[in-house]
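Colleague: Below are the chains, spelled out letter by letter.
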Amino acid sequence: MAPVVLWSDALIWLLVAAALAFAWGSRRNPLLRAAWQRVGRSRTGMASATVLLFYVCVGLLDSLHFRPRLESGETQIAASSERKPAVYAVQVLSLLDAVLSPLRTRSEKTYSEPLATRAHAKEAIELRDASGRVRQIRDYPRLQYGGAHLGADETRRDADIGERLLRALAIALLVWWALAAATATALARIEACSHVEAWRRIWCNETGFACNAVLAVIAALLLVGIALGQLAVDYHVFGTDKVGQDVLYQVLKSVRTALVIGLVTTLVMLPLAVFLGVVAGYFRGWVDDLIQYLYTTLSSIPGVLLIAAAVLMMQVVIDTHPQWFATAAERADLRLLALCFILGVTSWTGLCRLLRGETLKLRELEYIQAAQAFAVSDLRILARHILPNLMHIVIIALVMDFSSLVLAEAVLSYVGIGVDPTMISFGTMINNARLELAREPAVWWSLAAAFVFMFTLVLAANLLADAVRDAFDPRLAGAA
Amino acid sequence: MLAYLVRRLLYALPILIGVNLVTFALFFVVNSPDDMARMQLGVKRVTPEAIARWKAERGYDKPLFINEAANGTAVFTDTIFFSKSARMFAGDFGRAEDGRDIAREIVSRMGPSLAIALPTFLLGLLVTISLALLLTFFRASYLDFWGVVLCVAMMSISGLFYIIGGQYLVSKVWRLVPISGYGGGLDAWKFLILPVVIGVVSGIGSSTRWYRTIFLEEIARDYVRTARAKGLSELTVLFRHVLRNALIPILTGVVVVIPLLFMGSLLTESFFGVPGLGSYTIDAINAQDFAVVRAMVFIGSVLYIVGLILTDISYTFVDPRIRFH
Amino acid sequence: MNRAPHAQEKETLLEVRDLSIAFASGRSLLMAVDRVGLHVATGETLALLGESGCGKSATALALLRLLPAAGRIVGGQVSFAGRDLLALPETEMRGVRGGGMAMIFQEPATSLNPVLTIGHQVAEVLVRHLGLAGSEARARAFELLTAVGIADAARRLDEYPFQLSGGMKQRVMIAVALAANPRLLIADEPTTALDVTMQAQILELLRRLQVERAMGMLLITHDLGVVAQLATRVGVMYAGEIVEEAPRDSFFSSPRHPYTQKLFAALPDLARRGGRLETIPGQVPPLSGMPAGCRFAARCAHAWQHCREEAPDWRLVGPAHRVRCHLVDGLAAQIGGAASPVASAPAGSSPPAPSVLSVTDLCVHFPIRRGVLQRTVGHVRAVDGVSLELARGQTLALVGESGCGKTTVGKAVLQLLPVAGGSVRLLGEELGACSRAALRQLRRRMQMIFQDPFASLNPRLAVGEIIGEGMRALGTTVDRRHEAAAIAAVLQQVGLDPAAAERYPHEFSGGQRQRIAIARALAVQPDLVICDEPTSALDVSVQAQILNLLASLQVELGLAYLFITHNFAVVDHLADLVAVMYLGRIVEQGTVDEVLRSPQHPYTWALLSAVPSLRLEEQPEFVRLPGEIPSPANPPAGCHFHPRCRQAMVTCGARYPQKTALSGTHSVSCHLYP
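Residue numbers (the numbering used here), protein chains in the order written: chain Z, 5 to 484; chain X, 3 to 327; chain R, -7 to 666.
To be clear, the hints were calculated from the coordinates, so they are not data collected in a lab.
Warning: the hint list may mix true and false statements.
With the C-beta cut set under 7 Å, the calculated list includes, among others, these residues of chain X facing chain Z [said to hold, decoys possible]:
| # | residue |
| --- | --- |
| 1 | V154 |
| 2 | P251 |
| 3 | M298 |
| 4 | G302 |
All residues carry an ideal CB built from backbone N, CA and C; glycine is no exception.
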């Protein structure tokens, strides 16, 4: 197989590297370290961080792309979904696709309920009866893959599911025990106390880190994850959608799109907002007037409309230059990045205004004047005195923006100015499924699955943002 | 104070020109009219003649800024920039793809938009400020803690789910009101009540939390301690002292959106089939009707700038420091 | 409880027994106030004296049950006019607040509601406690404002706090407090945020009102001068306890607790001019680590084993004078000896040294923008023709009230602000004419120490980086190793451990931070140091340490100081020359003896007489300065001071007086001296 590096992959891994570097850097600075330790002590903060970490792992797995080697024509054709126009003979897969290949490839014909063995709607089925005649009846057809291992004995389904859940519970408990014991051992070694004492401290929340919250969340995640894994092997846990694709697979694929939108956008916005905000606040005068004019103008165009206009124009560019893209995945990826870029350009103004105001306050502080009295150059003052003291605002803004961007993606995709319609995201899932509730009986599982996964992601991000804000905001940190 | 308002008004002018230039650049410089024509006509019907006709029908066949073929002022007026961008200041937005006059369409669609957006806005303000005051009054109690948790949970739900879920439950399962549509006269309430309630509920989370933060910030100030030292009750302190001061930051965020209410809500209107400006915009986006999108961008910016000016005016009512300067 | 004999004639208003206050910090409670007892009678003023963080404000707030959310009363009794306040239900307590017991806060600028009119804020109390309403309330509010000395009260009723000056806001606060005729007034640092002339006015007002209304008053302050002016009895608080309690006279004549004695000794004073001030070593113990025995033992020069083991109990040492100390008997004699004057020759008498700084006709103007187009319609003449001379090894004190432009002079000398006119010559070089590169070279010759030790150090940099920054920027050191050695040396010079270079500012106390700021300035070996109120944010005992350090550094390195301050005691202690500023101009200039002993300008008289003196018997005749400093944007015509001057003549309103030389060093700008 040949590795493929999509632009968004490169940016995502760049972000991971930057985050690691920042983490390394903030270890050395006592104030930042103290703030992160405050985050570490917050139980909701660490619990939601654990959940987010799970999402990030899924997203990262989905950000390592490759093209599988073509062994023979037939297998490839069978595997190809509607994602691949016939013009392109090669399909780009990610590591996550490889892991989930049973989910990806086992498509039914159309809708089926979660954990069902038969389809959602009746169809005409041809049956050969005992006399050998072909007879047509209308019934729920048997699914091709869902519960196929049961054979004819569909009544065993409930028992089978129960058995799998019990097995999942046992495995989850075992793994969790091992993890918890390891944590307690490590704590006992660090704090030089007995094992039992370490155990007690973890559960009475007397450690410097919210271990108990993390362990509890890990327990829940293990339980859910392993149960899903056990069931997904032979069932469609969240059912299938209109074209028969597994909903669990779609939901997991959506995670990467959400993360890219939430993270890469800030990467675009950050340099712009920080540079312009700090420069405007520090130098004042005509520079300030110009930058203020710039962001007032941009922010006076209602966000959705500016995005709509920009996306429409981008679509024209993409449609008139099909020769730029080797594969459909590349085209979808570039459109995703363009969306991030547009979101970034339209959302830097708020942070810029905030940073400008803060810089105006900072530049009057006496340590800045002391530096000026030493003839320290303006650039150095910006880098050493102003930027580090704005860091907390930037961090707070980053985590706060993430959840709103994820939410915005869904709305934009619904409006038709979001990601490429072929790209799986929460927005496209909701968009495709929104009319299904009107069917009789209602098809609810796509929406429900998208809701649960998206809600968990955004809630975790919001809770972490709160914890980070409480820890980094000097006013709040002083009170705590 | 008058000079202050005049200055704010004058400042709006360059911003409006800036917005106009930005939209012009977006629509005509990033892509040439030829590209748009190709896109609109579709792959099959693209011929040089078809493109030329498409451009001529819409007036896109002129030069961008300077028409060297023309005489007199027409050098500047007979251009795309003048006819498509500069004319917008005069309220002339041209025609949509279906041939209708955009300006007239906008005027006729403002009513339905406002009928939903205004009640949503007012009711939402009332509900969220009351809830925030409640949480502030019971601050640092279990009610406050769980209230904030609920707010965070509510703001973590996408607006789409509120609408889809609300429509499903109220209209489909309970069959209380029609699922979508719009009617004039006395029957209108049947169509309005659900979108309004959903609009209010979906805004509760973030707004309540935001107002609560503002109230808590105010309540930590010295003058509140003075008010308590006077022997005033906690409710009096909250309503007479804290609320009055908190209005200043609240107005900053609230007044600016009032003019934008005319634009309606994209999501609500398209889900409920309301013939307002929001659904007009969405339809235009889906049909790739550039003229309409351009007009909406311009109107949106004008309304936003009006909102900024209204905000400045509203400050003079609540903040004596500005009124007397 | 021992009751002071003279207090028994009067009715006891407030009686506090064993009041303990704790603050929640995480899961633990930290004791901030520990079993404090006090009592106040009608017509009496009890002053609670203490340094920052000793629990005096918490005590005051607890009496009204207005502690912040983290604070709680963990024990004790408060009885006020026969009622147990701690047992009252909240609704009845509200009747006490503002009704029986009212409070004035430290910061008048933030203590009034910015969006309500003055009249409304006063009337609120009348409505709540006296049941007045409408025009009745308004008439009463008018009377109150007039009573607290606000001119044109009818107009002020409809104005908002931002339209009033600081002193006037504090008068309004007092009017609010007095509105419901309280029997006890709690004043929490009522004059700390005000200028010295304003402070004198407010203190006079409080004294007058107290006599008129026979109120009891609980005065919270850190300033011995204010105590001397207002108190009838004094309680000294240290680390959450009252350690000494005495009637005023015996308190000032013979303080008995070692801490009180040290406080007196640490005050800069004429008697020890040029010498070293007494300092209290160490710091107040943190709330989380209170020592078991006497809380002052660790810092006490006389402490012995017993002090560290057992907390001392009250001992009566005079009529109504009691003290919490194990060794009261042996100490009384030491009070005279502790304040021994040091016989070091004042620097002023040495032969004339070469000039370091020479400022002539310095002007700094800030544009005023108005109107639609924000055109410049005028200038605030923040500094308007200031001339100064400063020689090597000398200290020139620039004195004036806030807003007079003294800090602007300092920044303009450093070329941190654009200079509108005049010349600044440093070591003979004209700074205004310098190129950027030449100015860079000269920057290491002059440095500044700022007022606020918390704002003057970048919290994100280690101390070593802070000090090294200037060295690197000005190229005084070549390589890193050399730099580290230089940083260690300069840290030692200011009395800090060289290991401090690795630590960050937030780990240090206010005094230590000011030492770091001094080290930063010294690191580039300047000739001139501009000290902008370097001690005004510090407690008295820490102030003494810093003043001593500055004095010894001056002797050691021959530094010239331009010392910007509003504190005359500090001026008296360490300056050689004094310049008094009023509205951007110097009105009087001369040696310390000339200006402070025989002030010539009416403004200098007024300033000096407004300084509360510690010597009870020789309170100078108070020259009441009416009004407040006018805005420098629109100074009065003629002599800027004439509207407030009691000796103003016709010419004073016509033109600004010329500078008149009274001696070789003493000059004054006043029409009284043609």
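Colleague: Indicate, hint by hint, whether the structure satisfies it.
Modeller: To see whether the hints hold, each was checked on the structure:
1. V154: Because about 5 Å separates V154/X from the closest Cβ in chain Z, which is inside the 7 Å limit, the hint holds.
2. P251: violated, 13 Å
3. M298: holds, 6 Å
4. G302: With Cβ-Cβ at 4 Å, under 7 Å, it holds.
This entry does not satisfy hint 2, going by the numbered hints stated previously; all others are met.
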